[in-house]
Amino acid sequence: MNEKEAMREPDTSTRRQFLGLAGGAAALGAVPVLTLRPAEATPAMLATAIRNVTGAAVVKIGKVRLDIPPLVENGNTVPMTVSVTSPMTPDDYVKSIHVFNEKNPQPNIGNFYLGPRAGRGQISTRIRLADSQKIVAVAQLSDGSFWQTSVDVVVTLAACTDEVI
Amino acid sequence: MASALINVPAKAKRGEIIEIKTLMSHIMETGYRRTATGDLIPRNIITSFTCRYNGAEIFRADLFPAIAANPFITFFTIATESGKFDFDWIGDNGFTESASAFITVE
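Chains as they are written, first to last, in our numbering: chain A, 1 to 165; chain B, 1001 to 1106.
Quick caveat, the hints were computed from the structure, so don't treat them as lab data. Glycine included, every Cβ here is placed at the ideal spot set by N, Cα and C. No false leads were slipped in.
Pulled from the structure, derived: some chain B residues nowhere near chain A, Cβ distances all over 12 Å:
1. Ala1010
2. Asp1086
3. Phe1095
Where chain B lies over chain A, by a calculated footprint (3+ residues, C-beta under 8 Å):
4. 72 to 86
5. 104 to 113
6. 116 to 126
Same shape as in the complex, but just chain A (with noise of 0.2 Å):
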């Protein structure tokens, strides 16, 4: 009994010192990685395109849902659907759609407008991805102000752009 603490006192005490150590690297490791890459930041060319769209507005967070899948198999059709929150009234409805992607040769994928009599703020199409990549869509309200949301998404079998015929 007493050997077995014994014992087992410098082992865990190792381990604690172990652990913090390996965790106060991976801290350190870290802060680097995020000053580089902080959430946010979005290939130029992304960011350029849908300042094309929304100019000095302000581009809020929420409203709009993009519903994709995760996992793609086949970057050649990937089902996709964008819908926004809005009553869609004549007085308080949804302008425009626009849905970007961050590593296509092209970072637009297509612009929808929709108007007060659309009924429900929302679209579905088929796309194509070049590569795993965010995808990024923006809604402009009938108020002027604009929301968008992004996802992640992996794809296994790319769009191939390059592709030999």
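Dock chain B against the given chain A, drawing on the hints supplied.
Coordinates of chain B only, in the frame set by chain A:
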């Protein structure tokens, strides 16, 4: 050559929100693919889609090469009156195609 598939409910109640599904047969060549000899295959896509309900535009879309081949687009509208939906697709190389569908609103 090209052909469209349209799905609009034949009948709807006044004020009902109906879903419209459209599919247009088109290669949607991205302009980023190459042939075996290394030549770039020129872009050939549908760039614009519109839907008019008794003449008034209710939905429009700008399409890019990132839209999959045979563009499939669904959207919603409020059934306000009996009449006709006109669908128009416009694309590269002078591509134009149109289709229409009728609805009876009670």
